[in-house]
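Protein sequences appear in the order of chains A and B. Residue numbers are given in our numbering: position 369 of the first sequence equals residue 369, and the series is strictly consecutive. Residue numbers are given in our numbering: position 363 of the second sequence equals residue 1363, and the series is strictly consecutive.
Don't read these hints as lab results, they were simulated from the structure. It should be emphasised that the depicted structure is a prediction, and the values quoted were computed from it without experimental measurement. Cβ coordinates follow ideal geometry from the N, Cα and C atoms, glycine included. Treat the hints loosely; a few may be bogus.
30 Å max Cα-Cα, derived BS3-like pairs, lysine-lysine [unchecked claim]:
no., chain 1, residue 1, chain 2, residue 2
1, B, K1311, A, K74
2, A, K74, B, K1058
3, A, K74, B, K1332
4, A, K444, A, K317
5, A, K64, B, K1332
6, A, K211, A, K288
7, A, K439, A, K423
8, A, K405, A, K444
9, A, K336, A, K346
10, A, K405, A, K346
11, A, K288, A, K346
12, A, K2, A, K74
Have a look at the derived ranges for each label pair, beta carbon to beta carbon [as the list claims (entries may be wrong)]:
no., chain 1, residue 1, chain 2, residue 2, range
13, A, N29, B, C1021, 55 to 61 Å
14, B, T1034, A, Q49, 40 to 46 Å
15, B, G1100, A, K64, 28 to 34 Å
16, A, R105, B, L1315, 46 to 52 Å
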Amino acid sequence: MKIGLEIHVQLPTRSKLFCGCSTAGETPNSSVCPTCLGLPGSRPFLNRQALEMGVLIAKFLNCKIADRVWFARKTYFYPDLPKNFQITQYDSPLGTDGHFTVGGRSIGIWRVHIEEDPGRIRRVGRSGEEVALVDYDRSGIPLVEIVTAPDMSSPAEARDFLTDLIIELRRLIGVTGEEQTMRVDANISVGEERVEIKNITGMRNVEKGLKSEVNRQTKMLAAGKRIVRETRHFDEERGVTMPGREKEFEEDYGYIGEPDLGTYRIGPLAASMAIPETPLVRAARLSKEWRMGDQAARQIVLTDWALADMFEILAAKVGGEAAMSWTMGPLSSSWKDLRGRLLDLKGGIVDIVVSVASGEMTDSEGRMRISALSSGKEAEAPGENEGDLDAIIVQLVDEHPEVVKDYQGNERAANFLIGQVMKAMRGKYSSKVVAERMKKELEKRV
Amino acid sequence: MTTFPTADQLRSIDERHQVFCERLEDPLALDQGTFHFSAKDNLCSRGFQARAGSRILKGYRPPFDATPIRKLRESGGLLLGKTNMDEFGFGTFSTNSGFGVPRNPFDPERSCGGSSGGAAAAASLIPQHVALGVSTGGSISCPAAFCGVIGLTPTYGRVSRWGLIDYGNSLDKVGLLTRTARDLERYLPVISGPDPKDPTSLTQPVLDMRGEVETVAVPDEALVGLSPEVAASFREALKELERNGVKVREVKMPSLRYAIPAYYILATSEASTNLARYCGMRFGAMNQEFDQGFNDFFAQTRSEDFGPEAKRRILLGTFSRMVGFRNRYYMKALQVRQLIIREYRRVFDSCDAVLTPTMPFVAPRFDEIARMRPLEMYQADFLTVPPNLAGMPHLSLPCGYSHGMPVGMQAVTPQWTEGSLVGLARFWEEEFHYRFPEVMV
């Protein structure tokens, strides 16, 4: 089974791809201008930020970046396409021949390019009296299109691919990560012939649509029927794919260069771009650097970027294993409260964890203190209660003369009393401190 | 069915005529640094319809001003009105308009030329008037020659195209038609300059209005296929130039003969995409059945409201872009365009300008035009198309009169040297006596 995806993701720019209109229209047709309405005499001017985001994505996906790119007109008639052509990139995508790793498998990326979205049609009214309303707020919204090789071998893998991709893009360029920001055309062949499922919204639906298509194709092949090459649609409500309405022919979009926009030299731009570390890349690094499981590393990073920062600070001081158990334990359980005041609390957290690691503080003491930090109350300082500790030690030593006697021959006899103290103090003091005090007291009696 | 204008309509036409005359005759207004201008109907402007000569845009009022119109208005210009043209610029004689045919001021039985025919007529008829024209393949030069005025087509990218209803975006240029060099000198700087709304205008160098033409090249290829009267006037003009110390050189520019096919492929390829938006969704009459598939609805609107020449060019352009033909036509035409640019550059190594007649004949009569086949009409542009393909600035000047009809000559200079052309116009005006038609009121 081979699956390839064509993924459209909305780029999170504030203005549209070819005009200054806001990408956040509130009511229908509230964010439109001559350019995105395709009025005669208007023309496009490129949003540089969108171009940069596109290049960054292409570079992140390990693509070969074109030195120069230009735009093309893709002509077809559709009621929500204001100019009846779409400005896209045809013979000069931003990047080609890249790859993206999912679950240890490398998936080929054929091309990455940017293009404008058309408008949106909404059908309203009772069946038979339907009218179609057109909202041009989406017209000109910048999209990046990522086309993969048919390298995925199951619907689940396709879903994992999309999940991981959106995780990375969220950090890389700030896509919102909501299901709606992604529209997918999925190509799937179970036998020889390829079927395309058009325009699926959201990752869950991609998996569902592909599964239903696998079922359909497998059944047909089992029954000895031939699979026709065609375009299908995924009916979300019924969970099945349906044949597309358009007749089957190789569409001819009559591409020509977009003459109003020039050529853009992106080679140097791409070369000067630094790719920030993305979550899954960071998780992979953490798991390698601190020898921890992939899942654990992924969980830390995906919980919160700042939590992973905290982990790295702690790991540098106390090692990966201890840092991991503190991060995933006490820190993440009170993370909601800690996060907001992290700047003030960071030093305190590090001190506590380091104290525990060095044995100066017991584990439970450390946990208690962190929970105190999160609730905003400082735990009592150990120094104030030293009187209590000494009193208990004195009392216990008095009660157990036989231990004092044994101690003369064997220092380990003290361990019994140390255990008693620890129990009485409920782990408030580290064993090291208790041992020192105990030793001092016993020495006095010898 | 013929419809006759109602009394109200007649009254409103009369009122418009009155206002027009009053504005023209108001010397006070012109003294105060104000001036009047007209704009070709494919330039958008608030307060006027912009129909680009097409019925499909009937009633369309743009919500914004084209940049050249805005700039003229801001410098004191009063927009008198919009001038008639071939539908979307498709034509050489202004006979393809959806709204009547403008007539030549020198002879009403003859064409104004196209596609900026109305603009040339206005410039020819109204003293101190500046007419905004648009050229894709010669639509300023041709009518300027036929109507006996000066027509300047600037370098591609010199004047912003924001607000210009597109024909072939990589070729379209806004320019000026006037009676005098002084008006070119005055208004070219006003409409020129970078405009963030037109990316192709952004990389232009500063407009330098100085410059002269001392040596002109005359390509052999330009002298075949001329009518005897045009050939004679042009020869006479060359002699006049030489008498004034201008050196004239004969050169060969063999690639010029590929300009026409390359132009028609590129221009129509772009045009066919530009015109796709006129489908009855927001432009064009919506009197069809709504109860049909959108493709049928669009096809019906387009069949009814586009003129025959528009349909011809849409078909030609669509064909050239299709898979299987794209490489043979569209891509090949792009290569020819580069060839022509190189050929001009080679000639400019030793000459300041390339000089040819503008049109191979004087303004033809409408009955002659009616007998011409489309290919013959396209061929008439063989001298105006090359500089347009190359994006080079060019100027058409009256250079003689044959049986009362003006003959034009055309000078082409290197990119961004509009100043040399204005210099040439100034110099020629001193040597040559222009005639303008008398208008009886």
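Next item on the list: List, from low to high, the hint numbers that the structure doesn't satisfy.
Entry: 4, 6, 10, 13 and 15
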